[in-house]
Amino acid sequence: MPELIELAVVGAGPAGLAAAAEASDLGVPVTLIDIFPQPGGQYFKQTPAELGGEPDEHARPLFQAADRKDVRAITETAVWGIFAEEDCYLLCLYGPPGTPRRLHARKILLAPGAHDLPVPFPGWTLPGVMTAGAALNLVKHQRLLPGRRILLSGTGPLQLILAQRLIDAGGEVVAVLDANPFPWRGWRHAPAAWGQWERLAEGWAAWRTMRRARTPLRWSHVVRRAEGSGQVERAVIGAVQGDAVETVAVDTICLGHGFTPAVQLARQAGCQQRYDPGQGVYLPVRDEWLQTTLPGLFVAGDGAGIGGKDVALWEGRLAALGAAGQLGRPVAPDRVARVQRELARQRRFAAVLLALFPASAHLGDLLTDDTVLCRCEEITVGEIRRVIDEGATTLNAVRMVTRAGMGRCQGRMCGGPVIELLARALGQPVETLGEVTPRPPVIPVPLDGLLEEEL
Amino acid sequence: MSAGRSYDAVVVGGGLIGSSIAYHLARAGVRTLLVEQGDLASGASGANFGNVQVEDAEFGLSLELTLQSHARFASLEAELDYDLGYRRTGNLLLVENERQWAIMQARVALLQAAGVQAALLDRHETCSLEPHLAPDIIIGALYNPDEGILDPFRLVYAYARRGQDLGLEVWTHTPVSGIQVRGGCTVGITTARGPVVAGCVILAAGAWSRELGRTAGLELPLQWVHGEALITEPLPPLTKNAMTSAVFFEATENAQEQVVGFCLRQRPRGNVMLGEAAFVTQRLSRRTTATALPGIASEARRRFPSLGRAGIIRAWAIPVAFVPDRQPLLGPVDGIAGLLVATGLKSTIILTPLVGELVAGMVMGAALDPRLAEFSPTRILAGA
Amino acid sequence: MTSNHESGGRLSPAEGRSSLTLTIDDEPVQAFAGETVATVLLALGRRAFRYTDRFHAPRGLFCGMGVCFDCLVTVDGQPNVRACMTPVRAGMVIETGERVDA
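Just so you know, the protein sequences line up as chains A, B and C, in that order.
If you read the first sequence in numbering that gives the first Met the number 0, its first letter stands for residue 0, the second for the next number, and so on.
If you read the second sequence in numbering that gives the first Met the number 0, its first letter stands for residue 0, the second for the next number, and so on.
If you read the third sequence in numbering that gives the first Met the number 0, its first letter stands for residue 0, the second for the next number, and so on.
I should point out that these hints are in silico values taken from the structure, not numbers from a laboratory.
Model, not experiment: these values are computed from the prediction.
One or more hints might be untrue.
Okay, the calculated bits of chain A under chain C, using three or more residues with CB under 8 Å as the criterion [as the list claims (entries may be wrong)]:
1. 19 to 31
2. 113 to 125
3. 148 to 156
4. 404 to 417
To give an idea of the chain C side of the interface with chain B (calculated C-beta under 8 Å), a few residues [stated by the list, open to error]:
5. Asp52
6. Gln77
7. Asn79
For every residue, glycine included, the Cβ atom is placed at its ideal position computed from N, Cα and C.
All chains, full assembly: derive it from the sequences and hints.
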């Protein structure tokens, strides 16, 4: 019989850590499960101690939460499936030897986070083309410069932070391209930025580093094509709309177009979803406690919609209060009010960033027929277009016939681009094209790993 | 949408059987509409492993019929002008206990007498053919080197496309709400796109045939098996033959609780399909159960330990229609002129071309093939 | 601008790191505890970790967080292991596409 626990928190990033601390403050023992060896997720990723890492000052109290004696941390472990049973949930886990394979939990708080939004273009599969997240991880936590001549293409202030890191590490950042126009209307959102001094200061410092290094920031620009033999050697850059291009020699391209929520586990569990046009993705429907349509199953943080680390922290706290309340713990209304207030404040700021730096609608123009859209199965844009011409009208039909999305990444990289391609080709909004419900395992698991007991 | 569209025949169900019937009707010049509630092959046909094997005919359909249909596959790609991914890679029916061994001895004699190249192999011979197979569990296998595999999606799409070239109309994403019967005759169907007038309605909707049959006053004795399978990441070539354990047929017979039989097939791309967990169900569902995954994993790794570290990337589940006496329902319904049923074949591929042709023949007034008499729906609907 | 990286892109300081040896495509390679296999390959200037089945195209690090499954190498005989998610250990035997897929 699997062990029965009160609260499982899946994901030890800001949302999960904050949730664990909040729940444990109320006397709820927490099992905190994460895929990485150390807590922190992406936002608070820790540099390995062996490489000189020291915990981020901000994150320190959160890491201390993970160390509490009533927080049991299960690391290097994936939750690959969730099944609703009569009065609890079954979680299926896979981790190193000694890790439990199954758990029963009365309540689940999912905090799975997000990953970099994949934006395909011709040549994007060449080695040397990587996500901004990958580059940041290398320079910050692996102490490695990802390349010598680096181009950043994407949108938003995080690109400036990455540029600063790369420049400080001795890399040459040939340019930072932002696919959006200069945020002229930014000043209107000034009230939402009130109190975000640290974030603004970070951005300002990054900007100054770029100025000193003479790294240009070019608005409404994007990398249109990556070229090279064996790895990227050149980037063809141009305006998002327009024909004029120039070619620059680079050895690395970092794509920073924002993030996309990791919704697979919530969907597999059976939460009802609703299409969010602002985020361009289906998100779990949640009540005021961030509970989904599955009773006792909550989702907090980027995994329920991109909001950034501060939104994640406060959502984690709110959902934990909801779960603790359901578990019969005394939840103080003052605390709830405070958490809601802080959350609302952070959401306002996050909404500004999303409004100023949306995923550009024109990036689909970059695709050529020979662009590989499904990286895993190597299905090209041309093949997908042909299948659409032949009558495929749903995401499911495209997947089944072309096998796009049927590879190891389970559609994480190509799912969004395929559905956008379909929407453009049919002239229909994305929400009419159907969904694909992820099945377990939501992350590849070895055959032996599916067994209820280790061999 | 204009109401009252009129056809000679409407086929309900865009899977293997429905698309084959529709194609054969179009080929014969019959004005035909194929209606499918979702995407083509979105039911059991799409969940199919794609084995073209004589032993997949899990019921007493005559060997003669099965072999006649099998012979079609040699020229099917040319006939449909479509790459079906059809390859004759061979098939092994694994024998794992003495009772099965005795059954297979009789079976191989029958097959050989009918001119099939089947052979009964011992353990050593079986494991020489498939070096990754764990020898301890195997007594031997019924081997047919001539049997093959194809991509079931491609077959359904090929029938639909080729049919369209010949005048077939295809509606997908069009749920059918009822079969219209008046004065003992079918007059058409009602769909999400409005009513369709047709002198002949062919019900080939797999698991969904039961509800649709009710709209015509028929209580079709169809039950559902909830079948589940897994697939691995692409792997280097591990097996050549498609494989099923003979236990599979025994196990899934009357599975009230979930049982797991073993079947395996490596696709050309390298992914290995593993199955199957099944139980009789009262619900139409596509949800993978928590127990199917470890169940299938356990059966698979007993026979193929080297698959233990292979990454499982996907699972799927589908309701499959079957008839309790394990015979399909093929043919006209007494008392309702113009209505034909073609379902309960448990998603077997090998019969698809012939069933399509024979049912199309029935529509066009051909005399009922006596070999199909035992599958007449009337045999079961005695009270209808 | 002072360049503060050592050869191969590693950032100083190297003091305090403990080095270990592993094998990449039959060659002994020095790495540091805490690094991932991906880091070590990149530090060697090896960008292409494998070649794809269909177009025999080079692939390397893309997402860096274990979701894209591009950075696959063979580790201690186990194929299809994500290099970015695998911390190095002394004596590890790594085979890349140069050895396996070429």
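(message) Given Asp52 (chain C) as an interface hint, is its Cβ closer than 8 Å to any Cβ of chain B?
(response) Holds, about 7 Å.
(request) Three residues minimum, CB to CB under 8 Å: does the segment 404 to 417 of chain A make the cut for coverage by chain C? Let me know. (result) holds (count 5)
(message) How does the segment 148 to 156 of chain A fare against chain C when you require at least three residues with a CB closer than 8 Å, holds or violated?
(response) violated (count 0)
(request) Between the segment 19 to 31 of chain A and chain C, see if three or more residues pass the 8 Å beta-carbon test, and mark the coverage as holds or violated. (result) That given contact is violated, which follows from only 0 residues of the segment 19 to 31 of chain A lying within Cβ reach (below 8 Å) of chain C.
(request) Mind checking the CB of Gln77 (chain C) against every CB in chain B and telling me if the closest is under 8 Å? (result) Since the shortest Cβ distance to chain B is 6 Å, the answer is holds.
(request) Given that the segment 113 to 125 of chain A was listed as covered by chain C, double-check it with a C-beta distance under 8 Å for 3 or more residues. (result) holds (count 5)
(message) Just to be careful: measuring from the Cβ of Asn79 (chain C) to every Cβ in chain B, is the smallest value less than 8 Å?
(response) holds (6 Å)
The structure fails to meet hints 1 and 3 from the earlier list, while all remaining hints are met.
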